[in-house]
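If you're matching them up, the sequences are chains H and A in order. To convert a position in the first sequence, counted from 1, into the working numbering, add 206. To convert a position in the second sequence, counted from 1, into the working numbering, add 206.
To be clear, the hints were calculated from the coordinates, so they are not data collected in a lab. Computed from a predicted model, the values in this text were never measured in an experiment. Hints may be right or wrong, so weigh each one.
Calculated cross-link-like contacts (lysine-lysine; reagent style DSS-like; alpha-carbon spacing at most 25 Å) [claimed, not checked]:
| id | chain 1 | residue 1 | chain 2 | residue 2 |
| --- | --- | --- | --- | --- |
| 1 | A | K371 | H | K234 |
| 2 | A | K371 | A | K427 |
| 3 | H | K261 | A | K335 |
| 4 | A | K261 | A | K335 |
There are 2 protein chains.
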Amino acid sequence: MTLYVHKYGGTSVGNVERIRHVADNVIKARRRDESVVVVVSAMSGETNRLVALAKEAQPTPDPREMDVLLSTGEQVTIALLSMVLQERGCPACSYTGGQVSIVTDAAHTKARILDIDTQRIRADLEAGKVVVVAGFQGISEAGDITTLGRGGSDTTAVALAAALKADECLIYTDVDGVYTTDPRVEPKARRLDRITFEEMLEMSSLGSKVLQIRAVEFAGKYNVPLRVLSSFQEGAGTLISYEDENMEKPLISGIAFNRDEAKLTVLGVPDLPGVASRILGPVAEANVEVDMIVQNVAEDGTTNFTFTVNRGEYQKSLSILRSTCAALGAREVLGDDAIVKVSIVGVGMRSHAGIAAKMFETLAREGINILMISTSEIKISVVLKEKYLELAVRSLHEAFHLDRPNVSN
Amino acid sequence: MTLYVHKYGGTSVGNVERIRHVADNVIKARRRDESVVVVVSAMSGETNRLVALAKEAQPTPDPREMDVLLSTGEQVTIALLSMVLQERGCPACSYTGGQVSIVTDAAHTKARILDIDTQRIRADLEAGKVVVVAGFQGISEAGDITTLGRGGSDTTAVALAAALKADECLIYTDVDGVYTTDPRVEPKARRLDRITFEEMLEMSSLGSKVLQIRAVEFAGKYNVPLRVLSSFQEGAGTLISYEDENMEKPLISGIAFNRDEAKLTVLGVPDLPGVASRILGPVAEANVEVDMIVQNVAEDGTTNFTFTVNRGEYQKSLSILRSTCAALGAREVLGDDAIVKVSIVGVGMRSHAGIAAKMFETLAREGINILMISTSEIKISVVLKEKYLELAVRSLHEAFHLDRPNVSN
């Protein structure tokens, strides 16, 4: 018998009517003789309501108590879904994270799963029940309630699929799969039938927010085939798995982009060892996450140092940098918060030269100036002026023939 | 060091502002060098919201899943109260029923407490923390979440007080104590400083809904002094304990009444053994709770049989009775749903004759006809026409001098 773990997010369980729709979907799967474990999030809006209550109680809420509070959100959903399933004649049983021993470390509000005891779940599955598990939550070894952080329900689903050796982990969401790029920017964007874990990681970390990075990492680590699909419409979605040797591999799978970027440059830094850490150290200490980093040697024995941060942290970073700059004897600090990052992603580029050249050529043909470049094994990212975002995405989408399936670009 | 268990109901924790008020009260107790365990209910309105969701999911919700759902209400409150306490610099830690092993039987939605493991609570108290425990909930031996039924938070508080051998269990509510009768009916009603467990049981079962009967029974059984007091105003409230031999005992402590009664009579029942059970059996099978029962022998070898039920079950009981009546060969079924029950309660009446006579005399003087009489060791109940309720309560209150403290009636 095949075993599937389904995961439904907050929008898919936003009210009882939608929960009924989820139940329909689960019952359909059972008619296909599939065993089903369902992981659900809190009803949409519920987590925000609880966070607001917490902040009213304590401006910086105690993390342990925050977890006690937030974990109630999913607990409500598991009970309601089990009731709806039973109402439709489908035997079902709900469990909190603690009840199925999703043991985590004690890092409240961002705990990591250490172990899952699947005994109760297996017994229920064998008894013909649908097992409904609260996502996002676990229990520490000391018996305290923990949560995995926002989006943690994806991680719960993948961890359960791994522990149960499920055939697939189905992530039901409000989009019908992973696209070659954001359809709001390029209407010709195409749903991908398959994508590899590595590509998905690059796509999601670059701004295509379909799946939580940690869940994808987890799925990759335990080789759990992951499928992203819509809970509102029929369709096979996108399967995320390891590279299939028999598969016709396109060079490029998709184009990711991030609008929320800002760029900071220190000009005329004396080119001495330790300069990078002296520049970035104070930024990191202020809890600002740095994304791309580029350093170029200038001609007068000094160097120019550029990095990008989230746009929300631009002003903070700029003022930190200005004081560092004075201490370092650097010439000037420049900043630009009207930039974006555009990346092409594909495992195919590992074995093919010329991808970068084609990307730069395409942008040049459109008169788009590249401000920064950064590359990894399976992606090439460029920083551009904000106004070029749509043009860049569309021309790259066309240049790499992403609108046509099964074309080797 | 003295140890108190505080219990705050739904109105007292209805929003974060009120929870702050609860925290103030707890902190005041700590300044008096008292150790405090706090038991809280769900925020007012929350249980009703969850019940409505459940009924939308499943018209008759599965009891196990209902408990998973409802237990989230108190879990929200314990987290918020702990946060507010911490915000005020008072170390606090929250626990669900499961986390402090409030082990119950498996009777979902009306479970009974079997055992409490106080180890974690004691350790926290010794570390100087306020321990905040979710009321109303427990965990079955199989590890399923259970609830104790509505009002179960009182029971949790008393059970914890018993297990911890607390000095007193303080039930904070929206009234400032137990009154000689309902002040809305008799403005001269007076707050009692003390009342015995037995009297409190008679008072609450007769309609003075201050405390849950089960909690009072529990407190009596384990001899936990119980104090009912207001969470909104200062005051010593009413202490419920065993009879104090040195105490000046009034004969009557209070007057309870119940407006929601209806009365049913079967006339001319053949007076044979087993008649009572043949009349009441079908009523009980329909889950109707019968209150007072009176049977009188008539002159013609038949008997008249009268009992009272909750007014909401009057029509149902009447139609059951009509079919029973035919089968029994009884003459007629009569009913009246415009009646009330008024009772005088007091341990003093055990040792004093003439109380009943005084009661009947008082009512007669006012021209009030008594429809039914029923007595127990410490109470006398009469059924009256509804229109006489206020007059009866006020004249009895005056006749037994209940407006004056420490008078032997």
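We went through each hint and held it up to the structure:
{"no.": "1", "hint": "A/K371 to H/K234", "result": "55 Å, violated"}
{"no.": "2", "hint": "A/K371 to A/K427", "result": "13 Å, holds"}
{"no.": "3", "hint": "H/K261 to A/K335", "result": "22 Å, holds"}
{"no.": "4", "hint": "A/K261 to A/K335", "result": "39 Å, violated"}
When held up to the earlier numbered hints, the structure conflicts with 1, 4 and fits the remainder.
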